[in-house]
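Q: With chain H fixed as given, assemble chain L onto it according to the hints.
One line per chain: the protein sequences are H and L, in this order.
Here the first sequence stands for residues 790 to 940, where the numbers follow the numbering used here.
Here the second sequence stands for residues 62 to 774, where the numbers follow the numbering used here.
Calculated directly from the structure, the hints in this document are not laboratory data.
One should not assume that every hint holds.
[Said to hold, decoys possible] Here are some, though not all, of the chain L residues that point toward chain H, as calculated from beta-carbon distances under 7 Å:
{"id": "1", "residue": "726"}
{"id": "2", "residue": "729"}
{"id": "3", "residue": "736"}
{"id": "4", "residue": "747"}
Being a predicted model, the structure only gives us computed values, none of them experimental.
For each residue, glycine too, the CB sits at the ideal point set by N, CA and C.
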Amino acid sequence: MEEQGQVIQVVVFQLGDELYGADIAVVREVGPMQRVTRVPRTPRYIEGVTNLRGRVIPVIDLRRRLGLPVTAYTKQTRIAVAELEGGQVGMIVDSVKEVLRIPTDAIEPPTGLVSKLDAESITGVAKQADQLIVLLDLAQVLQREDRKVAG
Amino acid sequence: MGFDFETSLEDIKVFLDEAEENLQVMEAGILRLEQEAEDPEILQEIFRAAHTLKGSSATLGHKKMAEVTHAMENVLDKLRKGRLFAGAAVTDALFASLDLLKIYKEEIATGVDSGVQTGEILVLLNAVAEAGGATGQATTPAAPVAAPKAATSTGAPAPVLPLDLAEEAMLSRGKSEGLTPYALQIQLDPTSAMPAVRAFQTLLAVGDLGQLVRSWPTQEEVEEDRIGKELKLLFLTVQPEAAIRETLAMIPEIAITALQPYLEAAVPETAPTPSVSAAAAIAATPADAPQAAAEGAHAPVSLKGGRNSRTVRVDVDILDNLMNLVGELVIDRTRLLQVLTQLEVERDGDELTQVMSAAVAHIGRMTADLQDQIQRARMLPVETLFRKFPRMVRDTAQIGGKEVDFTILGEETELDRSVIEEIGDPLMHLLRNAVDHGLEGPADRVKAGKSAKGNVRLEAFHEENHIIISVKDDGRGMDPQRIRSSAVRKGLLTEEAAKRLSDEEAINLIWQPGFSTAEKVSEVSGRGVGLDVVHKNIERLNGSVEVFSALGQGTEFRIKLPLTLAIIRSLQVQVAETTYCLPLGAVVETDRIPSDSIQTVRGRQVIIKRGEVIPLIHLMDAFLLEREPGWTLPEELFIVIVTVMNRHYGIVVDNLIGEGDVVIKPLGQFIGDVPGVSGATIMGDGDVAIILDISSLINTVQSEWGKSGLREA
Numbered sequence: 790m791e792e793q794g795q796v797i798q799v800v801v802f803q804l805g806d807e808l809y810g811a812d813i814a815v816v817r818e819v820g821p822m823q824r825v826t827r828v829p830r831t832p833r834y835i836e837g838v839t840n841l842r843g844r845v846i847p848v849i850d851l852r853r854r855l856g857l858p859v860t861a862y863t864k865q866t867r868i869a870v871a872e873l874e875g876g877q878v879g880m881i882v883d884s885v886k887e888v889l890r891i892p893t894d895a896i897e898p899p900t901g902l903v904s905k906l907d908a909e910s911i912t913g914v915a916k917q918a919d920q921l922i923v924l925l926d927l928a929q930v931l932q933r934e935d936r937k938v939a940g
Numbered sequence: 062m063g064f065d066f067e068t069s070l071e072d073i074k075v076f077l078d079e080a081e082e083n084l085q086v087m088e089a090g091i092l093r094l095e096q097e098a099e100d101p102e103i104l105q106e107i108f109r110a111a112h113t114l115k116g117s118s119a120t121l122g123h124k125k126m127a128e129v130t131h132a133m134e135n136v137l138d139k140l141r142k143g144r145l146f147a148g149a150a151v152t153d154a155l156f157a158s159l160d161l162l163k164i165y166k167e168e169i170a171t172g173v174d175s176g177v178q179t180g181e182i183l184v185l186l187n188a189v190a191e192a193g194g195a196t197g198q199a200t201t202p203a204a205p206v207a208a209p210k211a212a213t214s215t216g217a218p219a220p221v222l223p224l225d226l227a228e229e230a231m232l233s234r235g236k237s238e239g240l241t242p243y244a245l246q247i248q249l250d251p252t253s254a255m256p257a258v259r260a261f262q263t264l265l266a267v268g269d270l271g272q273l274v275r276s277w278p279t280q281e282e283v284e285e286d287r288i289g290k291e292l293k294l295l296f297l298t299v300q301p302e303a304a305i306r307e308t309l310a311m312i313p314e315i316a317i318t319a320l321q322p323y324l325e326a327a328v329p330e331t332a333p334t335p336s337v338s339a340a341a342a343i344a345a346t347p348a349d350a351p352q353a354a355a356e357g358a359h360a361p362v363s364l365k366g367g368r369n370s371r372t373v374r375v376d377v378d379i380l381d382n383l384m385n386l387v388g389e390l391v392i393d394r395t396r397l398l399q400v401l402t403q404l405e406v407e408r409d410g411d412e413l414t415q416v417m418s419a420a421v422a423h424i425g426r427m428t429a430d431l432q433d434q435i436q437r438a439r440m441l442p443v444e445t446l447f448r449k450f451p452r453m454v455r456d457t458a459q460i461g462g463k464e465v466d467f468t469i470l471g472e473e474t475e476l477d478r479s480v481i482e483e484i485g486d487p488l489m490h491l492l493r494n495a496v497d498h499g500l501e502g503p504a505d506r507v508k509a510g511k512s513a514k515g516n517v518r519l520e521a522f523h524e525e526n527h528i529i530i531s532v533k534d535d536g537r538g539m540d541p542q543r544i545r546s547s548a549v550r551k552g553l554l555t556e557e558a559a560k561r562l563s564d565e566e567a568i569n570l571i572w573q574p575g576f577s578t579a580e581k582v583s584e585v586s587g588r589g590v591g592l593d594v595v596h597k598n599i600e601r602l603n604g605s606v607e608v609f610s611a612l613g614q615g616t617e618f619r620i621k622l623p624l625t626l627a628i629i630r631s632l633q634v635q636v637a638e639t640t641y642c643l644p645l646g647a648v649v650e651t652d653r654i655p656s657d658s659i660q661t662v663r664g665r666q667v668i669i670k671r672g673e674v675i676p677l678i679h680l681m682d683a684f685l686l687e688r689e690p691g692w693t694l695p696e697e698l699f700i701v702i703v704t705v706m707n708r709h710y711g712i713v714v715d716n717l718i719g720e721g722d723v724v725i726k727p728l729g730q731f732i733g734d735v736p737g738v739s740g741a742t743i744m745g746d747g748d749v750a751i752i753l754d755i756s757s758l759i760n761t762v763q764s765e766w767g768k769s770g771l772r773e774a
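Isolated chain H, as found in the complex (with noise of 0.2 Å):
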């Protein structure tokens, strides 16, 4: 994170008891949970496809995505959908919480606190009142694993 002085805003989400943020340039909405159809051999945290008004989109689970152990879908559930390169990719978080805007000299690089995740997933880490933000760089995070070693 640049300068000294500088605000960035991210859009925050929780997973279990941590809470995750990202860009909220790449965040281009949130949205309830909806039906997502399996497609068939497939790495397991991709939950399938969804009809985003009229176009099928993919979805993830960022918890299986992430390693973190997996839970029921609750009201809270959401589907944050990320513009990327290659398109765009719904994710499925806990919750959205809020969009926060945070001084960049309010952000430390990562630590060894957040062992689950590689280091490139992990612009930094945020805090933000007592809490911990991590914010996590959608482009790594949502790059496919089994295509990284090909490519």
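A: Frame of chain H, contents of chain L only:
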């Protein structure tokens, strides 16, 4: 180096489309020139295409293309005038020029300089032109042909044109030198995609004829695209009117509304040019050219003239978008229908539901019509594709030492443009095969009692809701016995299994990966791409291909294609509460069988139907899905019998839902290619359903079953 195009991307697109057309016309023409005698009409056609290309490439600023077309024009002009004979040297030179033009066209398309220079080809073309006798003059258009005062044009006097002093001086100097001043007025086709280019071509053409005194709008205005619907010119020339008209006739999308010798002060300013009903013209062409048509008489347009074609060029993306939008409408219509059904039950068919029912029915008809119309707008005659083949067949035959009579039939048959794009490569492959492997050499043919020249026929026609494209030769045909032994040698199956195959089944071995009948790999066909790829490509289009062959008599490949790719008819089935769509093209029939009628052959489930052993594939297993705990095999099973590579398979599903049109949507980059899946669609209830790719599904399952010979049974 990057080209300095003063043109918009849109203009370049239009240019490329037109260039492609002209190149194809030229290629077809030169081929005919080579085969038949010099037909003046063909020559005229080629000349016209070269000329158009010269004009538009010059306008785009692509000098090399303009130079080559100019030199070609020179050769063609001599041919046209009988000063040159279209021998092999000439046609070869013209073909070589064409190949170069294609490279240059790519330069324009990609904006990347190919580095290929014109020098060599210009030397060749000039040498060819000179060799034909009638030495000397290279470019000069025809010498005046008599008839100096050709039928005095249309009668009415010319308007006086406002000239400045310098122009007046030029005019009188020209006249004193024996040049005749002409006033010319042309109408630009209102449907033209690039009127400025046409206007510019006209200016160039007039410049070629003599000296341009002035034009309205001026050349600068034309170059800046500031033009209206018409162009007026005053120029000096020694050419007779007929020659002027001939030259101008080369330029597409313009019509001459007036051409006459210019005699100043003949009549006052207002005199209208001769023509038809002005009211009709004005009504038909809304005035939108303010500055250009500024001065003088508005020439009414003759819209009845055959020159105005009733077509427009439309970007394919727009058509694709339209198709997508209609797809959405189709989905909504289905949704409305479902709501209606529910309402009818709940409200017991009251007045309101009746009104809605009528409206929904109407929307249904309209969307169907709309879908049909847009689908039609996306159709192109296969001619655009077929035109490429004669040249290729000729080259292939030449290299292989074969003699071929190549016939094309049904080129007016229309296909969705996306299908046309995809089918080119498979067709090219089949044609090459026909010439290279299908046909015997002239000596062998004569020995077999056939004509020395082989016949290859490419034909397209409608059959029900499909298009059939057939590639047929009268060559040696396929020998089932040779195919059997070749397949065994290549390890595709055991000798025993090969023996059990019927002749028809044996011939179908050619589709297997790794199979190729050619004993020696030829320069032309044997490039590692086998018939299996052809098969795969065609099946990817939801089409199918069959082969019929009789030893000693020839071979026919029949490709069956859907009319469109965007919407397919599908059979909807259910497995584990999820709906899947099977393209109906691959489905033979559906059936319900008692689960105890399943037999096992070598550990694999099969059923026997009408004496035929049909392997079963549980969609559940094929997709590696898991059943809910406690699930047991029901007493009766639903199976969908499909055909792949001319073999039958039974796909076991939980339930059959019904048939319907579905709009294919891609799964997108993130999901990527999934074996057995071609895409997804949105169903009437808004849910997404997966569309199966039957051939890839079967192939995947088979390769997982392992290699134990081709016949599972």
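Q: Look at each hint and say if it fits the structure.
A: To see whether the hints hold, each was checked on the structure:
For residue 726 (chain L), the shortest C-beta to C-beta distance to chain H is roughly 4 Å, which falls under 7 Å, so the interface hint holds. Annotation: interface hint on residue 729 (chain L) holds; nearest CB of chain H at approximately 5 Å, less than 7 Å. Hint status for residue 736 (chain L) relative to chain H: holds, with the closest Cβ pair at about 6 Å, below 7 Å. The beta carbon of residue 747 (chain L) comes within 5 Å of a beta carbon in chain H, closer than 7 Å, and the hint placing it at the interface holds.
Violated hints are absent here; each numbered hint is respected by the structure.
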